[in-house]
Each structure stands twice: as C-alpha cells, then as structure tokens.
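Participant: For the sequence shown, the positions run -21 to -1, 1 to 246 when mature numbering (1 follows the signal peptide of the UniProt record, and there is no 0) is used.
Check each hint, because a few of them may be wrong.
Claimed, not checked - Restricting the straight-line Cα-Cα distance to at most 30 Å, the calculated cross-link-like pairs of lysine-lysine (DSS-like) are:
hint: 1; residue 1: Lys51; residue 2: Lys88
hint: 2; residue 1: Lys148; residue 2: Lys181
hint: 3; residue 1: Lys184; residue 2: Lys148
hint: 4; residue 1: Lys88; residue 2: Lys104
hint: 5; residue 1: Lys77; residue 2: Lys51
hint: 6; residue 1: Lys77; residue 2: Lys104
hint: 7; residue 1: Lys88; residue 2: Lys77
hint: 8; residue 1: Lys104; residue 2: Lys167
Said to hold, decoys possible - Estimated spans, in silico, between C-beta atoms of each pair:
hint: 9; residue 1: Asn108; residue 2: Phe86; range: 40 to 46 Å
hint: 10; residue 1: Thr92; residue 2: Gly49; range: 27 to 33 Å
hint: 11; residue 1: Gly142; residue 2: Thr92; range: 53 to 59 Å
hint: 12; residue 1: His126; residue 2: Thr153; range: 23 to 29 Å
To be clear, the hints were calculated from the coordinates, so they are not data collected in a lab. Heads up, the beta-carbon is just placed ideally off N, CA and C, and yes, glycines get one too.
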Amino acid sequence: MQLQLISFVLIIWHCMDYSGCQQHSSSRHRQHKRDSELPVCDDGGCLTCSDYNGCLSCRPRFFMHLERIGMKQIGVCMTSCPPGFYGTRSPERNTCTKCRLECDSCFNKNFCTRCRAGFYLHLGKCQENCPEGLPNDKLMECTPQVHCEVGEWSEWSPCSRPGRTCGFKRGQETRTRQVLQYPSPFGKPCPEISEIRECLVKRRKCPGKENITATLILLSPNFSMCEILIQGPSDLSVLSKRGHTIHCRLLTLAAADPSYSLPTLYL
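Can you make the complete structure from the sequences, with help from the hints?
Facilitator: Listed below in structure tokens is the structure:
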C-alpha cells in the first residue's frame, strides 16, 4: 500500500515538473521571438549596431538613447532626445541623459523646463511649494508678482470743445500718464491713465465774424421795433425758427460791413 502511494506521488511530481519545464521553454521562446522583432540596424542614425543590443554608436548629430523594452535596453539613435531626457554632446558621442526625478522635461541636469505633477517650477527648479510672495498659477509655475507702475501726470491740455475751435465758453481739458511697468497676472492692475474735466474759457470770436447789433422793424400792422444781438450774418437764418412768421427788416447796423446786403428776416 505504501509503495503504491509513493509511486502515485512520483508520477504527479513528474507531471508538474514537466509542465513547469514546458512553460519555461515556452517563455524563453516567446522572449527570443520578441527580441528578434526589435528594430536594430535598419535605423538610419546607427553607425554600428548589434542584432541583440541595437545601435552601438550613432552618426554625427544623432543622440544615443537607451530605450527600455521589458527587462532589456537597446540603443536607438535620435535627432533629438525624448521628453524627460536632455542631450549632451562630446567629441566621442552624443547621449540622451535622464532629467531629475521631479522634472518632466529639462534643458540640462540643473535646469527644468516643466515639472511633474505635484511640483512647481521656479527659476529652473521643481519645488513642492512656491516661495513666499510668488503665487502658483494653472501652469504649475511660481509666477513673480509684479505690480503696475505709472508715470507722473502730464499738464492739462488747452480747453477745447469737440468740433469747435472758437465761439464757445465751456469745454473740456485732458491729461494723461504712461504705464512704466505692466502687471503680472497676480499683480495690482493699472489705475486710470487719462482724466477729463470740464473747463471754462474766455469766449474767442471766430475769424470773419463780428457781433452785430441790429435794429429791426416788424412789418406788421403795429410796426413795432425790435433789437437783437446777432453773431455774424450766418446766424440770421436761426431767427426763422420761431413760432410764426413775421417779416422784419434791418434798419441800422453797428460795426457791420457797409457793403453787406440787408436781408429781410423771417421771424
């Protein structure tokens, strides 16, 4: 009975061992097949190469990069290094070197250009927190806080009125100042850089126009007299904008051009 039991155990052990050997052999076959499919000397950047290790040296201007495939590393020649690596050149060979652990991309071993998640970029370094006074932004960078700076106010401009150069008393004057330093996204915004205010100016006569005091007689049954101040001949047309039409005629003019033709006014 004991001999039969021992025989049975040996048979089972042998089957298990055979199965394990079969699996190990199959695994080695798959690994060999996978290795044989790796890109090797067909890379145009390779100068020397190996079917098992890939590129051993690169042509000028190419970088040697060790690419990991499973448990194996093969050499690949590239015109530029992949993200997370930076290129170093030397007379012997150009190589791709891995950035620091906290760097997602870098210019060299001491200068990061982008950080991994959870780190903030400040002056080429990846830090867990930004320095005081440098708030972080959505790009995971510590942005310097720059406030707006403006210069001194200019002198007030001459009092003027839009569309008019003479014949007015009320107008506007302005002053401005320049922005010396624009703010950063978290800095203080710029204040107003221009101001406008109302102003009074001594009325200046427009060239070619004189104040005319005209004595008018109404051509109506009453023949009553009227006197009105007119700002030059061009303003006579305004007198027609009254409630009803009354014919008047200029009788005398003070400080007027004697050659001026006296019209009949319609008030």
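Participant: Each hint needs a verdict: does it hold in this structure or not?
Facilitator: Hints and how they fare:
Between Lys51 and Lys88 the CA atoms are separated by roughly 25 Å; this keeps the pair inside 30 Å, and the hint holds. Taking the CA atoms of Lys148 and Lys181, the gap is near 6 Å; set against the 30 Å cutoff, the hint holds. For the given pair, Lys184 sits about 11 Å from Lys148 by alpha-carbon distance, which is consistent with the 30 Å threshold. The hinted pair formed by Lys88 and Lys104 meets the criterion: a straight-line CA distance of about 10 Å does not exceed 30 Å.
Note on Lys77 and Lys51: the hinted pairing holds, with a Cα-Cα distance of about 17 Å set against a maximum of 30 Å. This hinted pair checks out: Lys77 and Lys104 have alpha carbons roughly 15 Å apart, not beyond 30 Å. At roughly 8 Å between alpha-carbon atoms, Lys88 and Lys77 fall within 30 Å of each other, so this suggested pair holds. Pair hint Lys104 plus Lys167 holds up; C-alpha atoms about 26 Å apart against a cutoff of 30 Å.
Asn108 and Phe86 have their C-beta atoms about 23 Å apart, which leaves the hinted 40 to 46 Å range violated. Taken as a hint, the range 27 to 33 Å holds for the pair Thr92 and Gly49, whose Cβ atoms sit roughly 30 Å apart. Look at Gly142 against Thr92: about 56 Å separates their beta carbons, and that is inside 53 to 59 Å. For His126 and Thr153, the Cβ-Cβ distance of about 26 Å falls inside the hinted range of 23 to 29 Å, so the restraint holds.
Against the hints set out earlier in the document, a violation occurs for number 9 only.
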